[in-house]
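Let chain S serve as the given structure and place chain B on it in line with the hints.
Read top to bottom, the protein sequences are chains S and B. Here the first sequence is numbered in this note's numbering, starting from 1 and rising by one per residue. Here the second sequence is numbered in this note's numbering, starting from 583 and rising by one per residue.
It is worth saying that the hints were derived from the structure and are not from the lab. Just so you know, even glycine gets a beta-carbon here, dropped at the ideal spot from N, CA and C. Do not take every clue at face value.
[Unchecked claim] Taking lysine-lysine and the DSS-like style, the derived pairs with C-alpha atoms no more than 27 Å apart in a straight line are: (1) S:Lys582 / B:Lys664; (2) B:Lys660 / S:Lys441; (3) S:Lys460 / S:Lys317.
[As the list claims (entries may be wrong)] A few chain B residues that don't get close to chain S, going by computed Cβ distances all over 10 Å: (4) Glu618; (5) Gln620; (6) Asn624; (7) Asp650; (8) Gly665; (9) Pro682; (10) Glu691; (11) Val700; (12) Glu701.
Okay, here's what each chain looks like letter by letter:
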Amino acid sequence: MKIRSLRDFLVTVLLASFGSTVHAGPSAADLAAAGGNRAEWLMYGRSYDNQRFSPLTQIKPANVKKLRPVWSAALNSLDGLEATPVIHAGVIYVTGAHANVFAFDAATGRRLWHWAAEEPEGLGTVLCCGPVNRGVAIYGDHVFVLTLDAKVVALDKATGKVAWEKVIDDWKTGYSATGAPLVVKGNVIVGVAGGEYGIRGYIRAYDARSGDVKWTTYTIPGSGEPGNDTWPGDTWKTGGGATWQSGAFDPQLNLLYWGTSNPGPWTANLRTGDNKWTASLLALNPDSGEIQWGFQYTPNDGWDYDGNNAPILANIKVNGKPVKAALQSNRNGFFYVLDRVTGKFIYAVPTVEGINWTSGLDPVTGRPTVNETMRPLADGPPVVPIIPGLEGGTNWFPMAFNPETGVVFVPTNTWAMALTSHKSADIKYEPGKVYMGMDYKMHRISETIGRLRAFDVQRKKWLWEIPSPLPLFAGVLATKSGLVFTGDQLGFFYAADARTGKVLWRFQTGSGINASPATYEIGGTQYVAILSGLGGDPSFYFSAPKGNALWVFALDNLSAGKAGSGNWSVTDIEGALTPVPK
Amino acid sequence: MKNPLNRLIASVLLFAGGDAAGQAHQPPRIDIDTYEWQFTDNPFAGNAESIVEGQRIYRSTCYICHADTGSRGPNLRKSKLKGQAFLKIVINGRKGTQMPAWKGKLTEEEMWKVLAYVEAPPTQ
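Chain S on its own, in the form it takes in the complex (with noise of 0.2 Å):
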């Protein structure tokens, strides 16, 4: 038994529980207030805005070329990573793929705990994209990660231990979930995957200490509600609309925000009508979960252009008048900005250049007018290119947004697809098999896929962009200092100067960036972590190394002789090699 680094393991567990705080974790109050918390980062998107804006400014764009890696951490398999690292009271929580949590020092690097999803057999015929997961949510007592198999796990936060674990739903019949679970008011709510597998989508709230159900709302309306008629027949029964993100909450509204999938199957002519709310985000009421509006992205979607990115919850100004605003950057190849009160439409622009499934949205509406050539139809010819691909302009990957400057930064990538129907008489729902209609093939179009974009949001202006040879899948991080960081599939995490896009630092991870940063303090050291390594999605368009690794920088006056100079190892060296039998 190695006593020395189980003693200090749980005094690291006591210090992190009575150290910073007095009660045992982030209340609602601490969850609402989190944008204001300077050191931790204490949910998904930061705060429940989504912003992913840091306060911090000790690194700044006249010394981040000093950020040096202080630990790094591997991650169990190499299935691809795309979480957000949750900070809280000196502890980082990630997840690694196959819904695997891990709790490290987060000044160290020394791992605390690590808790693994069993696995039912079979559960791979179930996964579109991957075994990936994007991360935790943290309240009270607890750890909140939600499992390939459709579960909604409680984690003891000190321990790993589970405290509470309940079946969202039968993942045999393609219900899956991958997104990071939302805390509100004392509620987890989740998300489902399985907008390819014919499921009827939906979003829940949990009681947080009890794991009761609090409410279910389903994403696309049941017989007799309102919305139904937009489906023909049986359709909306199997009709997708899957919830596989985050969402946003406004406390001061009450609103909470959650973002649909496409629609299922992909053949847009088997369920002619808008198929409402699929490719849409939804504001719901976060205690009764009734909708109080939804504006639809894409309506009778046939592209597989999902809405679910959550959206960034803005206060800005629009031709001079006070607005507040959702931002979104969508799949389908637009930046939106919506009221978030009301759901109206305000304005978009193009984020990739050469869309060609529509002529462009009403200016009022912003309902988009389809050129009726690029819609694939069952029984139809294919169709190809479509820009931009399925993919889209701008898939799950969370923008980050300067509320000082009004700026956002969009990762968006230029392509295009090919898209082939199948036979009508072919596109039968059968439970936990794929149901798509459509045979699909995701194209280049330039030397340049990937760009990260910058674009005021106020003065409707494009700012600058950072180009890439292959499609961006990465989140980003914008910091009160002026800089702006991201990765790429080419293995580099990097800062760019948030007014010119000038790359200032980068560093080599040895896989491609699937995964968004974040950034925390402790002890008067401000550091950033990333996620590196290849999966999901990207994996399917090119070989490259894969990784599993959790990395961690900070300047290097500052990390010098402290972090990751603990007194501790990866592994248990007891045990790890047995004695000669004598």
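Same frame as chain S, but now just chain B:
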């Protein structure tokens, strides 16, 4: 860490931590050496009707990873695996990759039809 009180508490609370659940659970595998095959060779090879059926199965199971010419998974039309060697991977999955085990999800006949489809000349 130097506070003796904390060290004392830590010692008292020994055994409370450590790895919560160990390594990821591995599903049980068919013992391929003792598996009783229905067919030694592909009974559906070259059979037009079976190839169409194989395409239907391929689209609802394999396509999302293997696509037409490879994607997240390899291009199966160029697979060097023949006959039972191909099916062994389908039955048990491939350890260390995202290829799941299809036993219990597909019958042996369905797997042979998928093989008949990927070995048939492309129609488009």
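Hint check:
1. Between the alpha carbons of lysine 582 (chain S) and lysine 664 (chain B) the distance comes to roughly 49 Å, so the proposed pair goes past 27 Å and is violated.
2. Between the alpha carbons of lysine 660 (chain B) and lysine 441 (chain S) the distance comes to roughly 18 Å, so the proposed pair stays at or under 27 Å and holds.
3. With a C-alpha separation of about 11 Å, the suggested pairing of lysine 460 (chain S) with lysine 317 (chain S) holds against the 27 Å cut-off.
4. Its beta-carbon lying about 20 Å from the closest one in chain S, glutamate 618 (chain B) satisfies the requirement of being farther than 10 Å from that chain.
5. Once the 10 Å rule is applied to beta carbons, glutamine 620 (chain B) is consistent with being away from chain S; the minimum gap is 20 Å.
6. Under the 10 Å C-beta cut-off, the non-interface status given to asparagine 624 (chain B) relative to chain S holds; the minimum distance is some 22 Å.
7. Distance check for aspartate 650 (chain B) against chain S: the nearest CB is about 6 Å away, which does not clear 10 Å, and the non-interface claim fails.
8. At the 10 Å boundary, the C-beta of glycine 665 (chain B) stays outside the reach of chain S, the nearest C-beta of that chain being 23 Å off.
9. Remark: the non-interface label on proline 682 (chain B) conflicts with the geometry, its nearest Cβ contact in chain S lying 3 Å away (cut-off 10 Å).
10. For glutamate 691 (chain B), the requirement that its beta carbon stay farther than 10 Å from each beta carbon of chain S is met, with the minimum near 17 Å.
11. Here valine 700 (chain B) stays apart from chain S, with its beta-carbon at least about 14 Å from theirs, past the 10 Å limit.
12. With a closest Cβ-Cβ approach of about 19 Å to chain S, glutamate 701 (chain B) is found to remain outside the 10 Å limit, as its non-interface label requires.
Hint compliance for this structure: hints 1, 7 and 9 are broken, all remaining hints hold.
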